[in-house]
Amino acid sequence: MTADQADTHCPYCALQCGTRLSRQDGAVRVEPSDFSVNRGGLCHKGWTAPALLDTPDRLRHPLLRGPDGRHTPVAWDTALDRVAERLRRIRAEHGPDAVAVFGGGGLTNEKAYLLGKFARIALGTSQIDYNGRFCMSSAAAAGNAAFGVDRGLPFPVTDLADADTVLLAGANVAETMPPLLRHLERASLIVIDPRRTRTAELAALHLQPAPGTDLALALGLLHVAVTEGWCDRSYVAARTSGFDEAWQRALGWWPERVERVTGVPAEDQRAAVRMLTEARRAYVLTGRGVEQHSKGADTAAAFINLALALGLPGRPGSGYGCLTGQGNGQGGREHGQKADQLPGYRSITDPAARTHVARVWGVDPAELPGPGRSAYRLLDALGRPDGPRALLVFGSNPVVSVPDAGRIGERLAALDLLVVADFVPSETARLADVVLPVSQWAEEEGTLTSLEGRVLRRRRLLDPPAGVRGDLAVIQGLATRLGQPAARFPTAPHEVFDELGRASGGGPADYSGISYERLDAGEALYWPCPARPADQAAHPGTPRLFLDRFAHPDGRARFAAVDHRDVAEPATADYPLTATTGRVLAHYQSGAQTRRVAELLAAVPEVYAEMHPDTAAAAGLADGQTAVVRSRRGRMRARVKVVHTMRPDTVFLPFHFPGAGRANLITNPALDPRSEMPEFKACAVRIGPEDSEG
Amino acid sequence: MGIVIVGGGPAAHRLVNALRRSGYGGRLTVLGAERHPAYHRPLLGSVLAGQLPPEALTLPPAEAELRTGTTVTSVDREHRTVHTGDGASHPYETLVLATGARPRWPRLGGPAPDGEPAAAPPVPVTVLRTLDDCRDLRAALGGPAAAPRSVAVVGAGVLGVETAMTLRESGHHVTLVHRAPHPMDRRLDATAGDLLAERLRQLGVRLLLGRTATGYGPGHLRLDGDERLPADHVVLCAGTVPRTGLARRAGLAVRTGVVVDGHLRTSDPRIHAIGDCAEQDDVVAGTVTTAWEQADTLAALLTGARPGTPARPPRSVLRLRTRAVELAVFGPPQPPAGGGPTETVTFQDRSGARYARLVLSGGRLRAGVLLGLPRAAAALAQLYDRDAPLPSDRLSLLLGVAPMTGEPADLPEDSLVCDCNNVSRAGLRQAWQDGARDLYALVAATRATTGCGGCADDVRAWCAQATAGTAARPGDAALCAPAVPSTLGGVK
Chain F
1 MTADQADTHC PYCALQCGTR LSRQDGAVRV EPSDFSVNRG GLCHKGWTAP
51 ALLDTPDRLR HPLLRGPDGR HTPVAWDTAL DRVAERLRRI RAEHGPDAVA
101 VFGGGGLTNE KAYLLGKFAR IALGTSQIDY NGRFCMSSAA AAGNAAFGVD
151 RGLPFPVTDL ADADTVLLAG ANVAETMPPL LRHLERASLI VIDPRRTRTA
201 ELAALHLQPA PGTDLALALG LLHVAVTEGW CDRSYVAART SGFDEAWQRA
251 LGWWPERVER VTGVPAEDQR AAVRMLTEAR RAYVLTGRGV EQHSKGADTA
301 AAFINLALAL GLPGRPGSGY GCLTGQGNGQ GGREHGQKAD QLPGYRSITD
351 PAARTHVARV WGVDPAELPG PGRSAYRLLD ALGRPDGPRA LLVFGSNPVV
401 SVPDAGRIGE RLAALDLLVV ADFVPSETAR LADVVLPVSQ WAEEEGTLTS
451 LEGRVLRRRR LLDPPAGVRG DLAVIQGLAT RLGQPAARFP TAPHEVFDEL
501 GRASGGGPAD YSGISYERLD AGEALYWPCP ARPADQAAHP GTPRLFLDRF
551 AHPDGRARFA AVDHRDVAEP ATADYPLTAT TGRVLAHYQS GAQTRRVAEL
601 LAAVPEVYAE MHPDTAAAAG LADGQTAVVR SRRGRMRARV KVVHTMRPDT
651 VFLPFHFPGA GRANLITNPA LDPRSEMPEF KACAVRIGPE DSEG
Chain D
1 MGIVIVGGGP AAHRLVNALR RSGYGGRLTV LGAERHPAYH RPLLGSVLAG
51 QLPPEALTLP PAEAELRTGT TVTSVDREHR TVHTGDGASH PYETLVLATG
101 ARPRWPRLGG PAPDGEPAAA PPVPVTVLRT LDDCRDLRAA LGGPAAAPRS
151 VAVVGAGVLG VETAMTLRES GHHVTLVHRA PHPMDRRLDA TAGDLLAERL
201 RQLGVRLLLG RTATGYGPGH LRLDGDERLP ADHVVLCAGT VPRTGLARRA
251 GLAVRTGVVV DGHLRTSDPR IHAIGDCAEQ DDVVAGTVTT AWEQADTLAA
301 LLTGARPGTP ARPPRSVLRL RTRAVELAVF GPPQPPAGGG PTETVTFQDR
351 SGARYARLVL SGGRLRAGVL LGLPRAAAAL AQLYDRDAPL PSDRLSLLLG
401 VAPMTGEPAD LPEDSLVCDC NNVSRAGLRQ AWQDGARDLY ALVAATRATT
451 GCGGCADDVR AWCAQATAGT AARPGDAALC APAVPSTLGG VK
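Protein chains in written order, with UniProt numbering: chain F, 1 to 694; chain D, 1 to 492.
With the rest of the complex left out, here is chain D:
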């Protein structure tokens, strides 16, 4: 008995660890369809880029009975048992569906029953969802020493844009084909989308926008208008579809994903769903951070650590994972209606490829797009996650510099020259008036420069100025110029 988890990905892995950490000592069975133990899907791009070997993505072993390469074929809710493709069955007290999502195969060149192409297309076609997908594509394109290949990437969503950039950085000729007039149109407004397109072109990615892939031919991808786009390889980045077949066959409520309530329960209270297969509050989040949050919440609920705590609908922050462009998107494309009056902050610097559009209500971020503003992206993610008010100086926030508002710094006379010994300009002046008329005497009288030594130049300059100011004997200035006292030893 115990808990059975269907799916062996990051959500299942996190759930096992969270359950064990919460003190769950019962039996845990993980039934994973992939042949690999759990690995870290968000880093697949690093495998594709050749930064990491595939085995580096393996997550640490979790304390559960893990069956890899095991497909669950059906759920017998009456007898609380799941059946697997190898003929085995596993009884459960609690069943957790963490079946994830599968890549969408657009219907190019004929029907694609059950999401798989009917027959092998005449040009190599890949999706990028699993470790094997990435390894296979990398092998097909050849290692770093291989000749550049022509690759057509279909779909300029997040994965398509990141993949296009990665392949381009590896030296391949990349064409990105997208139906909408600008990339990532589901998340970006036209201005941000155009700036992103411009950046992609600068990087050497060819963009075919407002175009539709219609089929394959030998050595090419067919586009609308019967254009042939020559390609050695086609990579489909057309989004994902929650894997809901098992839930549907078991009679659970399914819309886009497996429907769960605030306690991550499906329509059968003994069955839960988390991660990319789950739909909560009409949203299939589809990010690993959401999957983790749900796993943590479910573990707390199942072990009674947080009885009755409903899962908080996650806040969506999209941060493009590429160094070539700093892009962050907060919240839904359109901020939710009914949240009171809103205020919009915009900033655009076309030649600097910088753009911001923030929708606020009550001084808090409700939705936003940032491009080319990495410091603001970092600061805003935290403010958004905590629902904290934005700093009143919005420009400083966007540029990531200290606010310019408020009082000017210390009055010059009160300002410290030497922090280590608390010596102000006024202190130097007092010492000067008391007769300390050269650097040695000033240092002896005030101890300035004798801590970290960092103010030696400032004190020397002050002394020179004071000397000049007195318009006394010309020799006085020279007194300040020569080698510094022994206590200044080693100072630049």
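Extracted from the complex, chain F is given alone in its bound form:
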């Protein structure tokens, strides 16, 4: 039963632009709605999203890999029986942690929640994590430490429209979420990025640090704020703790020293802080550019320190936020896909949290596993003696998206069983023993939580094609085959959501007062939104956090005592350049979806390597030639794109492409000790023509 039109949201990034889908002459048509974050705007990806619905190679049957290595269509029961039987055997022989689950930040809240529950009680494994580890984990670690809670933007996106100054640290929003710029028309922008991106071109001030030196720059900005007397002393005294220890680290980062380390002129550092100080309303926003480092959590913390010193967080019209990447990057990290978390953003090691969630799930708290490996460690352990032997992948394409992808490909090949649920034959699905075809955005109901912490409804326009099931049904099908009662794994999204609400109740990300009914009635609900007794008015949700207090017990935000350190892999004589990876407007994440949209593929058909003309010339390369980019881990091929504004020491590679064009063949999996975020944004490389040796 489907409607002729549906108000829903774009299937891609965390901005979750509002769209209206309709059917006209058998085709699906998309139009931007006047939803507050996109206000009638939509980027190329959003406009062309319907092409995904009837992509020619859409998966329409479960596939089983035969002894000849080829995939053969089979019935659902056959596929699920086979998976369950193999899982049971592996678990019996090697214990529950021999089965692992890898989720995604694009899954709806309902799927993310049920997947976490499935892992913990149907599989009994601790080994679950998700690709959001590569996205939000650094900012999440820093935000939790500073504020006591992690919500990407603790204020509505629309608040940005009144800002005088906005600092964008490592965020290329003009390409990653273009309609956000509609809220940044008034503000003077300060953009921190090693590249002169489209966003940087819009900036009043562009700071262009060497890759991997953002932490030094952030410390320098705090240093300037203090020495120039721009620190908001009364705010710091009334609302924060830990300033002195943070200052003692920033002490050593005077502007001229920061200049030498980062390449950002001292006068530009002062100008940046002055712009923030003189603004009546100012925001500091971070993105993956500063977070995807082996010191990403400390770097995000250093930018939070700057915001705190200037008195921004928790002040109406000002603040700090991080720009979430994936569509449900926010909700995906709140409901139990993360190795160390239970629903409601609860810690899996907290006895009270375990008791609460176990009660909702109807199990003994002692049955819940403890924390497991984080994403990269999990994938790197696959098929090793003490690692998992089976992996279930939902909503992710690690063959393309994980650092040191060549090594991870070997780990996946070493598994006894790889199961992938997807709607297209992604690079990872092609390697799977069993492929389970699932429904996609316009074919399903659910909720996502956008970058501003607002819970949004995804609505169905179409039925999924015959032979395709929803992820919830897949999870139930496996759970029941593993001996679980069907009622414990409902397949109706609203039922799952109601249970998710109860499980999250009382946690930091409390959804218990949110219902499909309230959302469908048009309420704008931001978490926390706790349930209230029936005789009281419903909780209105929390558009703005921290106005009165921060979420730590003492109500204060905490400065972090962080210091700069070098990238894990500095440039050397053998590998003299630093490669950094990122996104382009036309593509999304691993490209498994956007490369299947003809218009988007035409816009950016293949991987390229941006470099300074001198860098190209020194390597014997010219614009348009194929370059081989080598790191200590591997090599990849990319078309040379000469860009005059590039730093000569830097090469930029978009990471959306498959095969030999995978940027992640060369990236460095050095992990942040706090967030376990890999160092996507800096690794040492050398470049040369295709036929050069090495």
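In case anyone wonders, no lab produced these hints; they're calculated from the structure. Hints may contain errors.
Label pairs and their calculated CB-CB ranges [stated by the list, open to error]:
#1 F:241 / D:145: 55 to 65 Å
#2 F:238 / D:429: 23 to 33 Å
#3 D:430 / F:620: 35 to 45 Å
#4 D:352 / F:271: 16 to 26 Å
#5 D:457 / F:31: 20 to 30 Å
#6 D:65 / F:688: 30 to 40 Å
#7 F:688 / D:77: 26 to 36 Å
#8 D:230 / F:201: 54 to 64 Å
#9 F:244 / D:142: 22 to 32 Å
#10 D:429 / F:632: 40 to 50 Å
#11 D:268 / F:241: 20 to 30 Å
Computed, partial: chain D to chain F, Cβ under 10 Å [claimed, not checked]:
#12 57
#13 263
#14 265
#15 267
#16 319
#17 323
#18 388
Backbone N, C-alpha and C define an ideal beta-carbon position, used for all residues, glycine too.
Knowing the structure of chain F, use the given hints to seat chain D on it.
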């Protein structure tokens, strides 16, 4: 036993942290002569300027047994023990000298045995080396509300120039006395020196160049020719001298500083020296960044983290720490000989107070001076540190703008009007030819303007031009002018 460090300054502090980070779990004793725990000497200027209170310079506590106010009187190398002024002794396995440097007191008005003036001079005289020095000078000159005082600064090296500017910015009447014909003559050529002098004068600093201070009198500083320069206060910025007395008495090799090899070892392999007291490859670097590098290297050597890695002779970058003038000096005053053929890049813009002189070899920077070119200073520091080749477009590098070389930008027809929806001018033209003859139709056909909205003006202008170009009915232009479609809502 364990490691004993003589000196409690930034070098010692860094060494303790680096050792602990490298996993050193043994005993660490720091014997510091100053009464303060380690503080951040490079920021003393901010204290003098009143930007920071003295206590803000304190470094975080390090994991070591710290004895402040403790002077080491002798080293007994045979018994591997140091003796301190309070009668205590500390045995060591490894001894590190981080004794730093003391300010040079020029011999004005009589002999100055052991570097200290023999008797109190008849005018207040200060050096600027320690936190107490800065605090005392600031107290003597009075706070921000105090009346301006006359201050004579003797010596126009880096410290003298920075101090003169700081005191001038605080409103005092400052005279800078220097022997050479231009300030910072050890690091600057005459052109750069003259430009710096001009800038100092613009800021209101009185310069007495080619002059020598000869003595003190009541309320004045005496100069050569028996001129009397009235001064409420004299600040001596005559450079520093490595503190080597302890090493010398212990029989270690000492030239200007305590001589160390590539492993930062003195002539006694159990004794190391780092920081301002150490002389490596005939150079006493005397900068905190060098001291830090040496501390990190020594920690790695002592803990075996980098066995046998010799310390790299540091690259010297001098960056004047004042906003009033952007000055950077790379490398030695004269580039080292024998490095192959050199090339010199010069740029001078006298009225803009901009000057550059770069000596390159193999396309890499060997030495250089930059004045008034802050972006080049930032870019070149990194290229110099990494010994990386300079960009081929040297003028763009100096001016800090994107290179102008290479192909012109995209051909106009291929260039994107709307990045968000990948719409080129050719795309607009195609839509126009297909019948989209007003803004609404163009937007509907191409989706231009519907992403971030930033190209709305461009599309509107293109439409107006196209309309005019067709020379069709006059009403067509009006079609493009009115209010924008709903999808353009909110666009400027």
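Hint-by-hint comparison with the structure:
1. Distance hint for residue 241 of chain F and residue 145 of chain D: a CB-CB separation of about 33 Å, inconsistent with the stated range 55 to 65 Å.
2. Checking the proposed 23 to 33 Å range against residue 238 of chain F and residue 429 of chain D shows it is violated: the Cβ atoms sit about 60 Å from each other.
3. In this structure, residue 430 of chain D and residue 620 of chain F meet the distance hint of 35 to 45 Å, their C-beta atoms being roughly 39 Å apart.
4. For residue 352 of chain D paired with residue 271 of chain F, a C-beta distance near 19 Å keeps the hint of 16 to 26 Å intact.
5. At about 23 Å, the beta-carbon gap between residue 457 of chain D and residue 31 of chain F stays in the expected band of 20 to 30 Å.
6. At roughly 54 Å, the beta-carbon separation of residue 65 of chain D and residue 688 of chain F lies outside the given 30 to 40 Å, and the hint is violated.
7. Between residue 688 of chain F and residue 77 of chain D, the C-beta spacing of about 55 Å breaks the proposed range 26 to 36 Å.
8. Distance hint for residue 230 of chain D and residue 201 of chain F: a CB-CB separation of about 56 Å, consistent with the stated range 54 to 64 Å.
9. Checked against the hint of 22 to 32 Å, the pair residue 244 of chain F and residue 142 of chain D passes, with Cβ atoms roughly 28 Å apart.
10. Separated by about 49 Å at the C-beta atoms, residue 429 of chain D and residue 632 of chain F satisfy the suggested range of 40 to 50 Å.
11. For residue 268 of chain D paired with residue 241 of chain F, a C-beta distance near 47 Å fails the hint of 20 to 30 Å.
12. Of the supplied interface hints, the one on residue 57 of chain D holds, with its beta-carbon coming within about 7 Å of a beta-carbon of chain F, less than 10 Å.
13. Among the interface hints, the one on residue 263 of chain D is violated; its C-beta lies about 22 Å from the nearest C-beta in chain F, farther than the 10 Å criterion.
14. Given hint, residue 265 of chain D at the interface with chain F, is violated; its Cβ is 26 Å from that chain's nearest Cβ, farther than 10 Å.
15. With 10 Å as the threshold, the beta carbon of residue 267 of chain D stays out of range of chain F, its nearest partner Cβ sitting at about 32 Å, so the hint is violated.
16. Taking 10 Å as the C-beta contact cut-off toward chain F, the hint placing residue 319 of chain D at the interface holds, the least distance being around 4 Å.
17. The beta carbon of residue 323 of chain D comes within 7 Å of a beta carbon in chain F, closer than 10 Å, and the hint placing it at the interface holds.
18. For residue 388 of chain D, the suggested interface contact is upheld, since its CB lies about 6 Å from the closest CB of chain F, less than 10 Å.
Hint violations for this structure: numbers 1, 2, 6, 7, 11, 13, 14, 15, all remaining hints satisfied.
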